[in-house]
Structure formats: structure tokens, C-alpha cells
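Chains as they are written, first to last, in the working numbering: chain Z, 784 to 1074; chain B, 784 to 1074; chain E, 784 to 1074.
Among these hints, one or two may not hold up.
Stated by the list, open to error - Okay, the calculated bits of chain B under chain Z, using three or more residues with CB under 8 Å as the criterion:
#1 835-844
#2 860-872
#3 916-924
#4 1009-1017
Stated by the list, open to error - Here are some chain Z residues the structure puts well away from chain E; computed CB gaps all over 10 Å:
#5 Trp-815
#6 Pro-851
#7 Glu-858
#8 Ala-880
#9 Val-958
#10 Arg-1052
#11 Asp-1055
#12 Gly-1059
#13 Lys-1070
#14 Ala-1074
These are calculated hints, taken from the structure and not from any lab test. Remember, it's a predicted structure, so these values are computed and weren't measured experimentally. Positions of the beta carbon are idealized from the N, C-alpha and C atoms, including for glycine.
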Amino acid sequence: MTMVHAQILCILGACAMIEFVEKTIDRSALLWNDITRIRAEAPLVHNITNFVVMNTTANALLALGASPVMAHAAEEVGEMAALARALVVNIGTLSAAWVESMRLAMRAAAANGRPIVFDPVGAGATRFRTETCRRLLAEVPPSIVRGNASEILALAGASGATKGVDSTETSDAAVDAARTLATRYGCVVTVSGAADLIVSSDRTVRVANGHPMMPRVTGLGCTATALTGAFAAVNPSLLDAAAHAMAVMGIAGEMAAAQSPGPGTFQVRFLDALYGLQESDIRSRLKLEAA
Amino acid sequence: MTMVHAQILCILGACAMIEFVEKTIDRSALLWNDITRIRAEAPLVHNITNFVVMNTTANALLALGASPVMAHAAEEVGEMAALARALVVNIGTLSAAWVESMRLAMRAAAANGRPIVFDPVGAGATRFRTETCRRLLAEVPPSIVRGNASEILALAGASGATKGVDSTETSDAAVDAARTLATRYGCVVTVSGAADLIVSSDRTVRVANGHPMMPRVTGLGCTATALTGAFAAVNPSLLDAAAHAMAVMGIAGEMAAAQSPGPGTFQVRFLDALYGLQESDIRSRLKLEAA
Amino acid sequence: MTMVHAQILCILGACAMIEFVEKTIDRSALLWNDITRIRAEAPLVHNITNFVVMNTTANALLALGASPVMAHAAEEVGEMAALARALVVNIGTLSAAWVESMRLAMRAAAANGRPIVFDPVGAGATRFRTETCRRLLAEVPPSIVRGNASEILALAGASGATKGVDSTETSDAAVDAARTLATRYGCVVTVSGAADLIVSSDRTVRVANGHPMMPRVTGLGCTATALTGAFAAVNPSLLDAAAHAMAVMGIAGEMAAAQSPGPGTFQVRFLDALYGLQESDIRSRLKLEAA
């Protein structure tokens, strides 16, 4: 047996081991543990987000059990980011003054060891969005980036066309771009879509929860980003935090859609589902696996 | 028969012909055709609108089948307006910086041949609002203006008193003002109210759908403006696009109100109704006629 | 009997008289009278408030029967505040430019004799918030301040820790701070919480309506402030206006919670309850007493 063969066997063995561990981990219990902690600790999550979703993401964080605060003034974002247990930055309705506040908040969060979750809404649609994202992320590497496939492709430098703020690509098409970003920034990247992929430099997790009605409600992607902040506040594993947030979004979405004739009712039931989520809902619905 | 008599007969004949055509057009089919196109094409509608309604108008556009994007930074509005198939400008919570972005976006939309729908929220209530509207519209003539009677009267230079952002006048009181604006800017003017009047330089259409609960929900006028953008994206007849938007607002409003004890439930059912709208709903409810 | 004894007896007599009057006043009738006036007169309430709650507070004002307007541009706030019958200022998502507009609006409201209701969201959480509140209130004394216990403690100069925008203290802990502020500014102070205390320089009223689900919905504190503006527009007694607003919030909250599995449904039912409120709801539920 040559050295190379031994190495290959060793790698295969390690892969088998990882697979075995993945299969025996009780994923539902891990996720439920995060929810229990969020409800018990009500972690303060500082959001600098867009005007469209401020109300809905604040309500989703409250329904989950976290404590949201929205603050964007340059005079206070450093102080607020240091007080909070996670920072969520979302460029959905960006402007120059807000970008400067995002930069200040991200620096303060990094200096205080707080996780930073970044949502590159509409990256690729305009130069201003793409360049703002690249500049911010280069200066302060984020903990987790969550975007749709088009946005992730655009951030990685691929030519994925973004139509406004909606993706024109599937999640799988963006997995290489996600890995590029994960390696570049040393972060976790969530590519959301019909299935969600959560990608680190060496692992990929797939979450297959969710419902087709969800893209017909504005800002559910932004809500996923906000909830990722709450999970990152209580779970030091960024990959798990990101995956758990997407799973909870999808599960609450399935529960809401089952009772909804349309997107109006869906929004109401979605908050009710987040609020009332029980361990049995997680156990019976969770579709999360190593990919 | 003198020349004058011949001319009069000719005019009478033309009027009779227009009336005949109006009566034989299948209005429901035309409106349903627009809805089908919006659902199939999901036209991108660029909104520069007010903070109060950003979430609700985005959700209404999504429920109808269009694809909304909100962007207001001077650095990107030109690019975004060129990408989109319609531009919606709403001055509800205006400020100097946003007005400049509105101007840039309107110029880009005009340069790219995109329809511009303009909502003069609160024109007449303060000098800043009235003058901003007049300046913007003089520089870039809009395709469609939608306002309540007080706002349309104020824009036309009449002394209609606006109480905050709510009208103190009926739609019929503003029909001459609407025609003045339609002629001045070469646009279509929608005067919304208990009945809606859609006015061009030479025609008037009346839509009598709707429900008294609608003024008790904030931003339904702004939603009408946003949906007008979606219809203008798929229908080159601005008069028809404007009338169809008001009819769909009114019909979805009737359907929602029938199930609602109050304005909270109404908002939920309204989005559900937009999402689930069927041709039979249009056929059984449409109240649209030449006026 | 010495002079001092006579004075004490006189004070005791006055106290007994006030208590007697309190007990015989038909509180429900007074509150219902305010609601009837709001519905009949639809007072214009000018709000300079935060991005998170603009939609929900506008809808709550409309559901109650008032007419909300949101306007923040320096160019128009003076004019708008003079048009309106009450001004509501809320610093939830403050920035330097907005603070300047708040100052201008407050001066215009004061100059025109309009009541000013002030909400110090997050005072104590950052220096910018605490100092902005103190500067604004010192320059233009408000009519009514409504905050949670932490915010009221922070404004009064106590060391109450604010966690983001949520209180860490009970209302009772802030009663001395509330009285300090009431005396300093010659205003009424509402400390909201599980029970609400409404404090003037010499009186305290306690409102015990409400439901534990209410803090799980974003912006209900801000909504209480907005409704206080509507009541202050029709009732010259600031103490009564403030107390009536908190009672209506609590009663509508109880009615909504009774039908709601979670905070999504709650928001819908809350607006329906405000809209449909009847005198019998007030009579059967009101828990308002001198404290």
C-alpha cells in the first residue's frame, strides 16, 4: 500500500466518520435546544435593515422569542451593536448614510466578538449594491451571509443576473459561488431558495423545508436573515445557527401555508407558528441533512 | 344641409360610434387579460414610495403577481428604473434627498420609455408637497397621476383644501381639474374616491367598485398607485391600465370586506383576494363604464 | 387648634373630596365620550415616528377613528403640525436630521397650542437617545410623555438600564421618576407596563387593562403613544386623555388576545377591536382607578 493509497483510505475513513456522526446526531434536539435558549434568554438582536421589512422582521424576532432593536444613526450604532448579542445588516433600501452606519456597526460588533449576519439584498441588480457589499465585507468579514442564488453569484463575481431583488437562479447553481465566499471571508453562506444550502469552507448542509407560497410574501428572505441573527446569538456553531434558522423559517412556513388561502393569511399564521412552535413540530417536519 | 350641419352630424356619428364600441367591448376580458399577463410575466415595478406603505404595497404587488423593488438611493435609481418595466413615485413621506432621487428615477424611466405613475400624497396640505409635485411633473411629465379629489384639485391650482392626506372633496368635484392636468401633462389622471374617475384629455371612465371600509386602512390609495404601475407595465393603453387597477382594487376590496369585521381582517383578506382573483370574480363584480 | 392642624385637616378634607369625586365619576362614560368625539371629528394627528411602526400606528389611529398623517421634512413639519390637532413625536429610529424636524414640529405645535405627545423609545440604551430626549424636552416641554419604566427612569436621570427598547423595570419602580418628569416639564407622564401608571405633578391613575401577549408584538407601545395623541386632540384634560388611551389599548388588547393563538392573529384582531369598540366593552372591562 503506497503512501497515496493510505492517505486516500484515511480521507475516505474520515468522510465515513463525518457521515456517521451526521446521521447519529439528533438534529431536531439541537435545533429545539436553540429555540429553548432564545425563548429563555431573549437575546437582543440589533438590526440595520430596510424600510420594507422593519416591522415584519421585528415581529418575527419577537414571535420567536428574541428581542429586536432597530437603530441606524451613526451617533449610536457602535454603542447599540456592542450592547446586542448579534448584528443583522441588510442593504435592501440602502443609501450612502446608512452604509456608513452599517460599516460602523459592523466594526463595533466585530470588536466585541458579536456575530454579524449580512443580507446582500439585490446584489447584482445595480453597481451600487454589488460594490457596497464587496466594500463592507472586505473591511469587516461577516459571520454569515444569507442571500438568494443570484445575489450570492453576484457577490462572488459571477455573472448571475439579478432581477430586482428576486433570484433568477436555483440554489444549486450558486453552491460554488457560496464556497468561494465562505473561503474568502471565513464565513458561512446561506443560499436560500426552494431548497436552502448552508455552506462553509468545507461542509454543506441542505434544508428542504418551506412552501411555494413563501416567495409571494415580501421580506421573508430578510426575515430569514433576522432569525439567523437570533440563532447565531445563542449557538456558537455558525453553520448550525444558519441551518436552524432556515429550518425554522421553512417549518413555520409549511405550518402557515397549510391554513392559508393566500399570502395575507399566510403572514398572520406564520407569526403564530413561530410563536407556538413545539418540539413535536420540529421532529415531524425537519428536513435537514449534510449535502 | 350646411357645412356646419354636416360637421355636427359627423361629430354625433363619431360619438355614437365610440359609445357603441364602448358597449360591445368585453371589459372583463380586457381586464382579465392584463391580470393573466401580470401573473405570467411578473413585471418588475420600481417603487420610490413612502415609509408607511412600503411593506403593504410590496405585498399587494406580489399578491397580484408582479415583482416589486424598492430603491431610493441617488446612486442607483437610474439603473433600477431602467431595469424595471414601470416606475411608481409616491411623495407620502418626502424629503429633499428623496425628491432628488425621484427626479433622477423619473428621467431614467422616461429616457427608457417606461411608464411613470405618480402619487401626489397630501398635495395641497403643505406648500412643500404642492410645489414638489408641480416641479417634478413639469420636468418629467408622468404617464398616470393618481390622487384623491383634494390632491388633484391642488395640483391643478384649484383651492381644494386637503386635510392632511385625506380628501375633503368628492371625485366628481375634481373632474375638471383632472382634465386640466391630463391636458397639461399629456397623461391619464385617476381621481379615486367612493367612485373612481379615470380621465384623459378626451375621455372619462368611471369605476364604481369598492367598499366604505377601505378608507379605514392606511395606504390603500398608495396601493392603488402601485398596482397601476403593474397594469401599465403590461397594457400600453394608459387609460385602460389605470381603470383596470382601480377596478381590481375595488373588487378585491369588496371581496375582503364581505368577510371582515374590521380593518385588521380586511388587510389580510385583501391580499388573499388579490392572490386568488378569478375571471368569474371580475365578470360578476366589474362596474366600469365610460362616463 | 393650631394653624398647622387646621391646614392638615383642610388637606385631608381636600383629599377625601378628590377621592369621593374619583369614585362617583363615571369613568366609562368619560372614556366613551372621547371615543365618540374621535369617531365624529376624525382629528388630524401629525406623527413623526419610527420606521418600524409607521404603518401599524397609522392603522391604529384610523381604526379608532382619527386621521393620521406622517410627515418629517424640515420644509413642511411646521405647517403640518399647525394644521393638526395633536403632534406625536417618537424617537424609535432617530437620526440627526429627523431630530431637527422633531424640534421644528414641536415648536410649531407649541406655538399653535396643540398637545405634544412624546415617546422616548430606548432612552437609556444609548447616549444619543438619552441626550436627544433631554435636549428636545428642555427646549419644548411636552404635554404627555409615554415610555416604559426603563425609559422614564433614564429620562429622569436614574440609572435604570434599558435593554435595547424593552424595559427591565416594572412600572411601579418608575413612579418617582415619572413624578420628577411631570414636575420638571409640567406634563403628564405615562409609564406603561403590566399595569400602566399615569402621573401628573399631584395625581396618579392606574390602568390595569392589557394582556401578556402584547409585548410580543412590535410597536404596541408606540401605538399607545399615537392613540394618546388622538385622545389629547379631543380631551383637554391631559391626565384623562393619557389614561383613556392606555385603557383603550388594554381593552382592545384583551379582546384581541381572547381570539388569538399568537401575535400574528393578535395584530389583526387588535385593529378589528379598536374599530368595533362599543360602550359595553368599556363598561365591562375598564380597570382604571386613582392610585
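Given that the segment 1009-1017 of chain B was listed as covered by chain Z, double-check it with a C-beta distance under 8 Å for 3 or more residues.
Violated: only 0 residues of the segment 1009-1017 of chain B have a Cβ under 8 Å from chain Z.
Check whether three or more residues of the segment 916-924 of chain B sit with their beta carbon closer than 8 Å to a beta carbon of chain Z.
Violated - the segment 916-924 of chain B has 0 residues with a Cβ nearer than 8 Å to chain Z, which falls short of three.
Are at least 3 residues of the segment 860-872 of chain B within less than 8 Å of chain Z when you compare beta carbons?
Three-residue rule met by the segment 860-872 of chain B, so holds; n is 4.
Non-interface claim for Ala-1074 of chain Z: all C-beta distances to chain E beyond 10 Å?
Consistent with the label, Ala-1074 of chain Z stays out of reach of chain E, its closest Cβ about 32 Å off (over 10 Å).
Exclusion check [Lys-1070 of chain Z not at the chain E interface, CB over 10 Å]:
23 Å, holds
Would the least Cβ to Cβ distance between Gly-1059 of chain Z and chain E come out above 10 Å?
Per Cβ check, Gly-1059 of chain Z is inside 10 Å of chain E; nearest 5 Å; violated.
Arg-1052 of chain Z remote from chain E - nearest C-beta pair above 10 Å
Non-interface label fails for Arg-1052 of chain Z: nearest chain E Cβ at 6 Å, not farther than 10 Å.
Taking C-beta pairs only, is Asp-1055 of chain Z more than 10 Å away from all of chain E?
The assertion about Asp-1055 of chain Z is violated, with a minimum of 3 Å to chain E.
Measuring Cβ to Cβ, find out whether Pro-851 of chain Z lies farther than 10 Å from everything in chain E.
7 Å, violated
Quick check for students: does the CB of Glu-858 of chain Z sit more than 10 Å from each CB in chain E?
For Glu-858 of chain Z, whose nearest Cβ neighbour in chain E is about 4 Å away, the distance does not exceed 10 Å, so it is violated.
Within the assertion that chain Z covers the segment 835-844 of chain B, do at least three residues meet a Cβ-to-Cβ distance smaller than 8 Å?
As far as the segment 835-844 of chain B goes, the hint holds, because 4 residues have Cβ atoms under 8 Å from chain Z.
If we take the beta carbon of Ala-880 of chain Z, is the closest beta carbon in chain E still more than 10 Å away?
8 Å, violated
This entry does not satisfy hints 3, 4, 6, 7, 8, 10, 11 and 12, going by the numbered hints stated previously.
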